[in-house]
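Enquirer: So the sequences go chain by chain: P and B.
Just so we're aligned, residue 1 is where the first sequence starts under this note's numbering, counting upward by one.
Just so we're aligned, residue 1 is where the second sequence starts under this note's numbering, counting upward by one.
Because the hints were derived from the structure by calculation, they are not lab data.
Any given hint could be a false lead.
Derived pair list, reagent style SDA-like, types lysine to any residue, alpha-carbon separation capped at 25 Å [claimed, not checked]: (1) P:Lys26 - P:Glu55; (2) P:Lys69 - P:Asp7; (3) P:Lys103 - B:Ser87; (4) B:Lys57 - P:Arg93; (5) B:Lys102 - P:Thr84; (6) P:Lys26 - P:Lys70; (7) B:Lys71 - B:Asn51; (8) B:Lys102 - P:Asn31; (9) B:Lys57 - P:Glu53; (10) B:Lys14 - B:Arg81; (11) B:Lys102 - P:Asn30; (12) P:Lys26 - P:Arg93; (13) P:Lys70 - B:Glu44; (14) B:Lys14 - P:Gly40; (15) P:Lys70 - P:Ile47; (16) B:Lys71 - B:Leu61; (17) P:Lys26 - P:Pro8; (18) B:Lys57 - P:Asn31; (19) B:Lys102 - B:Gln37; (20) P:Lys56 - P:Glu15; (21) P:Lys56 - B:Lys102; (22) B:Lys102 - P:Gln14; (23) P:Lys56 - P:His45; (24) P:Lys103 - B:Thr38; (25) P:Lys69 - P:Glu55; (26) B:Lys102 - P:Glu15; (27) B:Lys11 - P:Val44; (28) B:Lys57 - P:Lys56; (29) B:Lys71 - B:Glu28; (30) B:Lys71 - B:Gln54.
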Amino acid sequence: SQQGEEDPQALSIQEGENATMNCSYKTSINNLQWYRQNSGRGLVHLILIRSNEREKHSGRLRVTLDTSKKSSSLLITASRAADTASYFCAPTRGGADGLTFGKGTHLIIQP
Amino acid sequence: DTGVSQDPRHKITKRGQNVTFRCDPISEHNRLYWYRQTLGQGPEFLTYFQNEAQLEKSRLLSDRFSAERPKGSFSTLEIQRTEQGDSAMYLCASSAFRADEKLFFGSGTQLSVL
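Input sequences plus hints: build the corresponding full structure.
Expert: See the structure below:
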């Protein structure tokens, strides 16, 4: 699998605002996954978007995928303090060799 | 579904000592992964099992590190002769045998080498 690069590395917004973070990758993929990690905890799978999909929603999350630009974005709407966490993308070509993670985007929601 | 569990949650050891961590994956998952994560970085892949077979090892996994998964159930990660640079969070993840590689992570073992 290949590593995605998240951008920005850090993001601080007010509660209630929307948060957008981006992921870029280098080679073709089968799918791309987003994970969240709260401080001192393991990663939690948020959403998976397949290479033939352009947009996907899950609750307050919206993920887009542009395979021509090799990029994805994660939008969190109406942010809450509990959304404070690090967010990682994981592009994958499938198979069983695990996922590779970048440094993530550290999101802070100010109350 | 009790999730992936790791034990212990925290381990403090002195340089040169050996440590062993345990991971119990979700029961029906046949794939198990170990990752290491240092502060401010993403998880780094260490090794991967399918059932009891260790199929891939990262170059990060020096000869002081060994992992086992006897009987294809729980796994152990042992670090011999620990060094201060081994201080990190060690994460275990498991997944089911299907095309979408969705991983379920445990809460990790935080290792501090003094």
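Enquirer: Give a verdict on every hint.
Expert: Verification of the supplied hints:
1. Restraint check for Lys26 of chain P and Glu55 of chain P: the C-alpha separation of about 20 Å stays at or below 25 Å, so the hint holds.
2. For the suggested pair Lys69 of chain P and Asp7 of chain P, the alpha carbons sit about 15 Å apart, so the restraint of at most 25 Å is met.
3. With a C-alpha separation of about 18 Å, the suggested pairing of Lys103 of chain P with Ser87 of chain B holds against the 25 Å cut-off.
4. Restraint check for Lys57 of chain B and Arg93 of chain P: satisfied, since their Cα atoms lie roughly 19 Å apart, inside the 25 Å limit.
5. Only pairs whose Cα atoms come within 25 Å are accepted, and Lys102 of chain B paired with Thr84 of chain P is accepted, the gap being roughly 22 Å.
6. For the suggested pair Lys26 of chain P and Lys70 of chain P, the alpha carbons sit about 6 Å apart, so the restraint of at most 25 Å is met.
7. At roughly 7 Å between alpha-carbon atoms, Lys71 of chain B and Asn51 of chain B fall within 25 Å of each other, so this suggested pair holds.
8. As the CA atoms of Lys102 of chain B and Asn31 of chain P are separated by approximately 10 Å, the hinted pair is consistent with the 25 Å bound.
9. The straight-line distance between the Cα atoms of Lys57 of chain B and Glu53 of chain P is roughly 32 Å, outside the 25 Å bound, and the hint therefore fails.
10. Taking the CA atoms of Lys14 of chain B and Arg81 of chain B, the gap is near 9 Å; set against the 25 Å cutoff, the hint holds.
11. The hinted pair formed by Lys102 of chain B and Asn30 of chain P meets the criterion: a straight-line CA distance of about 13 Å does not exceed 25 Å.
12. Between Lys26 of chain P and Arg93 of chain P, the direct Cα distance comes to roughly 12 Å. Compliance with the 25 Å bound is thereby established for this hinted pair.
13. The straight-line distance between the Cα atoms of Lys70 of chain P and Glu44 of chain B is roughly 22 Å, inside the 25 Å bound, and the hint therefore holds.
14. Between the alpha carbons of Lys14 of chain B and Gly40 of chain P the distance comes to roughly 22 Å, so the proposed pair stays at or under 25 Å and holds.
15. For the given pair, Lys70 of chain P sits about 17 Å from Ile47 of chain P by alpha-carbon distance, which is consistent with the 25 Å threshold.
16. Between Lys71 of chain B and Leu61 of chain B the CA atoms are separated by roughly 22 Å; this keeps the pair inside 25 Å, and the hint holds.
17. As the CA atoms of Lys26 of chain P and Pro8 of chain P are separated by approximately 18 Å, the hinted pair is consistent with the 25 Å bound.
18. Annotation: proposed proximity of Lys57 of chain B to Asn31 of chain P holds, straight-line Cα distance about 23 Å (limit 25 Å).
19. Taking the CA atoms of Lys102 of chain B and Gln37 of chain B, the gap is about 19 Å. The hint holds against a cut of 25 Å.
20. Straight-line distance between C-alpha atoms of Lys56 of chain P and Glu15 of chain P comes to about 23 Å, which keeps the hinted pair within the 25 Å bound.
21. The straight-line distance between the Cα atoms of Lys56 of chain P and Lys102 of chain B is roughly 16 Å, inside the 25 Å bound, and the hint therefore holds.
22. The straight-line distance between the Cα atoms of Lys102 of chain B and Gln14 of chain P is roughly 31 Å, outside the 25 Å bound, and the hint therefore fails.
23. The straight-line distance between the Cα atoms of Lys56 of chain P and His45 of chain P is roughly 14 Å, inside the 25 Å bound, and the hint therefore holds.
24. Taking the CA atoms of Lys103 of chain P and Thr38 of chain B, the gap is about 10 Å. The hint holds against a cut of 25 Å.
25. Pair hint Lys69 of chain P plus Glu55 of chain P holds up; C-alpha atoms about 14 Å apart against a cutoff of 25 Å.
26. Distance restraint check for Lys102 of chain B and Glu15 of chain P: the Cα-Cα separation of roughly 29 Å exceeds the 25 Å cut-off, and the hinted pair is therefore not satisfied.
27. The straight-line distance between the Cα atoms of Lys11 of chain B and Val44 of chain P is roughly 23 Å, inside the 25 Å bound, and the hint therefore holds.
28. For the hint linking Lys57 of chain B to Lys56 of chain P, the alpha-carbon distance of about 34 Å lies beyond 25 Å, and the restraint is violated.
29. Among the hinted pairs, Lys71 of chain B with Glu28 of chain B is consistent with the structure: their alpha-carbon atoms are about 13 Å apart, no more than 25 Å.
30. With a CA separation close to 12 Å, the supplied pair Lys71 of chain B and Gln54 of chain B stays within the 25 Å bound.
Comparing the model with each earlier hint shows violations of hints 9, 22, 26 and 28; every other hint is respected.
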